Amino acid sequence: MAAIMTEPAVDENALVTTAQSGCLSSFETLYRMHSGRVHGLCLRLTGNAAVAEDATQETFIRAWQNLGAFRRDSSYGSWLFRIAVNAVATRYRTELRRAAWEANTPAPPVQFDPTLRLDLQEAISALPAGARAVFVLHDVEGYRHDEIAGQLGVAVGTSKAQLHHARRLLREMIQP
Amino acid sequence: MKCETVQSLLDHYVDGLLIGEEPALVARHLASCPDCARLANGLREMLKKAKALPRHIEPRRDLWPDIRGQIENESKRWHGFRYARTAVLAIAAAVLAILAGSLLMRGLPRPAETPLTVNEAPVRLQQEVLAVEAEYQQARRELVATMDQLPNRLAPETRTVIDQNLAIIDGAIQEIRTSLEKDPENVFLFDMLVAEQDRSLQLLGLEEAITSNTW
Amino acid sequence: MKRKVLWGILLLAVLAVVPVHTAIPAAAAAEKSVDETRAVKPDGVVQISNVAGSVRVVSWEKPEVHVSGELEVNVERVDFEVRDGRTSIRVVVREHAHKNTSAYLTVSAPAVSSLEVDAVSASVNVEDASPPELERPIRQSVYARSVSGEVEVNTWASTVELKSVSGGVSFSGAAETLDAESTSGDIQCAGAHSADVRTISGDIEVANADSVRAKSTSGDLTASNIGRDAEASSISGDVEMTLASMNKVSARTVSGDVTMEGALAPAGRVTAGTQSGGVTVSFPLDVSAEFEINTISGQVRTGFGFKSEGINRSLNFALGTGDGYVRISTTSGDVSINKL
Chain P
1 MAAIMTEPAV DENALVTTAQ SGCLSSFETL YRMHSGRVHG LCLRLTGNAA VAEDATQETF
61 IRAWQNLGAF RRDSSYGSWL FRIAVNAVAT RYRTELRRAA WEANTPAPPV QFDPTLRLDL
121 QEAISALPAG ARAVFVLHDV EGYRHDEIAG QLGVAVGTSK AQLHHARRLL REMIQP
Chain V
177 MKCETVQSLL DHYVDGLLIG EEPALVARHL ASCPDCARLA NGLREMLKKA KALPRHIEPR
237 RDLWPDIRGQ IENESKRWHG FRYARTAVLA IAAAVLAILA GSLLMRGLPR PAETPLTVNE
297 APVRLQQEVL AVEAEYQQAR RELVATMDQL PNRLAPETRT VIDQNLAIID GAIQEIRTSL
357 EKDPENVFLF DMLVAEQDRS LQLLGLEEAI TSNTW
Chain L
392 MKRKVLWGIL LLAVLAVVPV HTAIPAAAAA EKSVDETRAV KPDGVVQISN VAGSVRVVSW
452 EKPEVHVSGE LEVNVERVDF EVRDGRTSIR VVVREHAHKN TSAYLTVSAP AVSSLEVDAV
512 SASVNVEDAS PPELERPIRQ SVYARSVSGE VEVNTWASTV ELKSVSGGVS FSGAAETLDA
572 ESTSGDIQCA GAHSADVRTI SGDIEVANAD SVRAKSTSGD LTASNIGRDA EASSISGDVE
632 MTLASMNKVS ARTVSGDVTM EGALAPAGRV TAGTQSGGVT VSFPLDVSAE FEINTISGQV
692 RTGFGFKSEG INRSLNFALG TGDGYVRIST TSGDVSINKL
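Residue numbers (this note's numbering), protein chains in the order written: chain P, 1 to 176; chain V, 177 to 391; chain L, 392 to 731.
Extracted from the complex, chain P is given alone in its bound form (with noise of 0.2 Å):
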């Protein structure tokens, strides 16, 4: 797993056991320490706040509901992790094939102006999602292309090419 999440201090454990025994208070201590970097993420991958608010919370929701099923093979954090990019991929899988029809859905953004100057986080939120979720996840996040592959559902040849694909575009964004 990317190393970026610090060693689990040694009551998050037990937060988390007390937690699975339905314990709220114990839930929302974990939510405070984790909130910060769950909606991190998912601001980055969704590029768009209130999405990705939503998806904060769908991902805290389902962390509760699925907590009986958390095996502490690997840390709270990075099954969190797992649980929000899962959200975000469901939620873009389903939106990207529904969007052109619903007229009230606008398509997520593509294009952009080429004379405008972008910083990076503005280039990372213009990026197209899937393209934006490996930069994410790869650059930003620090996985390996064999875990963003298994995490979004794709083959790792294709985690590379919208990485390539993602880097080239930013380029363009940042510096035409």
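Honestly, the hints are just simulated from the structure, not real lab data.
All values reported here derive from a predicted model rather than from experimental measurement.
Accuracy of the hints is not assured; some may be wrong.
Unchecked claim - Now the in silico label distances, taken between C-beta atoms and shown as ranges: (1) V:Pro327 x L:Ser688: 50 to 60 Å; (2) V:Arg204 x P:Ala14: 47 to 57 Å; (3) L:Ala488 x P:Thr29: 41 to 51 Å; (4) L:Trp451 x P:Ala14: 25 to 35 Å; (5) P:Asp73 x V:Lys178: 41 to 51 Å; (6) V:Asp339 x L:Val449: 33 to 43 Å; (7) P:Gln121 x V:Arg204: 32 to 42 Å; (8) P:Arg71 x L:Ser673: 45 to 55 Å; (9) V:Thr354 x P:Arg72: 20 to 30 Å.
Glycine included, C-beta positions come from ideal geometry on N, C-alpha and C.
Following the hints, position chains V and L against chain P.
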């Protein structure tokens, strides 16, 4: 090495994924080509910035109240339910429903949404079907390629069951496609098509999911 | 002398060829067993994982977990550990062994512990035989899955989640929410308040739920005695539903038949759609709803005195004060609306 080649290898070079002589060949080219060197440095700079981007971003507002609200909504039902009056309650609810149903309540507003008749969908649906099909075929190819690379970890009988059911879903997708040809604006068929495509992709990934405990 | 040597050589040659164990009486295969008890918090989690054989869970009132059973030769051991309210029972088989790896376990667990059972080919049976007394707490969650084994759960719990790939799944007892999934196995469940059930080719039978969502690709779906809401979809399987009161009901197939019956709730909405399957809906005489029936080439028959003719048969009428809403669409399937 030509500039074109080096530029196409730059990503892998910077990620340390080149092997054999390639890293040395690229390095040598970069040492003598200011254009390519600039690109490489630009890429490295961008990646450095990307790694340094703040990853901890608090949401604009505290989401906990909403999260707790949703959790407690389910809990409320749980707590009412945690005590085993369920069977009794279920039967009582059914009886009440029958009684309520037969007491006609007058003056209720009509359903809010205008029902969409089968043939009212915009013509764009045909294009959406094509787009969705193309994306599904691509995703399926990629998944099959990934699965082929994995060692075989399921029992042969289970593998057979999965293959048989993949064939069943394929048959169903074919059935829906045939129906869509006769009724191309049918929104319900489109929905069902997308749903079956999703189930097929899920089934393809089932082996990986089972072995990683996420099924 | 020479002859004896010759016979000796012959005997040695024969013995060398004949497998040793026909010459030595076979030792009984060394079978092991397990019989251990640990003290636990009654409302913790009991997690069991097994590869082959069977897992049977029964409940009792003691604050203890007891594991007993027979283990085949290639089962190395059963790890049994209690930590922080979580009891974990894990069957460990000899590496690379493919045969004789079965463990047949019976686990007695406190009646309010949550359960998590994970099996590969082992069957899973949870038998909380008698309902707990009223006003006593029940299990918070029961989670059971087996890749190819049968999953049969009889329990009283808030949340139940059951899965199998090729095994059948069955649930009885009571649960607030039930989530059940099998790829090819059949699923039966009775007693969930709200059920979400899915198969690809297995058949689904849900009874006595308040609301149900059932989905299959080719399996048949039967929902009986449903309280208010039902959503069923199968591509080629048939859908049959009976409800106490149809509040929000939808049934969809491509080629399967749809049969529904029940009273319509006030402001209830019922939709049924097929391509070539037939649709039969039966309501009581005093049903009050707006009806919208569309079919391209199917026949439409109603027991309420309406008829439609011609191609693109479209029939709109209202019964009673038109409170509810019923919409039925087919392409070539026939439509019948009957009186109960």
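Right, here's what the structure says about each hint:
1. V:Pro327 x L:Ser688: 50 to 60 Å: Given a distance of about 52 Å, which is inside 50 to 60 Å, the answer is holds.
2. V:Arg204 x P:Ala14: 47 to 57 Å: At 56 Å between Cβs, range holds.
3. L:Ala488 x P:Thr29: 41 to 51 Å: holds (44 Å)
4. L:Trp451 x P:Ala14: 25 to 35 Å: With a Cβ separation near 28 Å, Trp451 of chain L and Ala14 of chain P satisfy 25 to 35 Å, so the hint holds.
5. P:Asp73 x V:Lys178: 41 to 51 Å: holds (47 Å)
6. V:Asp339 x L:Val449: 33 to 43 Å: Check passed, 37 Å falls within 33 to 43 Å.
7. P:Gln121 x V:Arg204: 32 to 42 Å: holds (35 Å)
8. P:Arg71 x L:Ser673: 45 to 55 Å: Holds, since Arg71 of chain P and Ser673 of chain L (Cβ atoms, about 49 Å apart) stay within the stated range.
9. V:Thr354 x P:Arg72: 20 to 30 Å: Between Thr354 of chain V and Arg72 of chain P, where Cβ atoms are some 49 Å apart, the hint is violated.
Violated hints amount to a single one, hint 9; each of the other numbered hints is respected by the structure.
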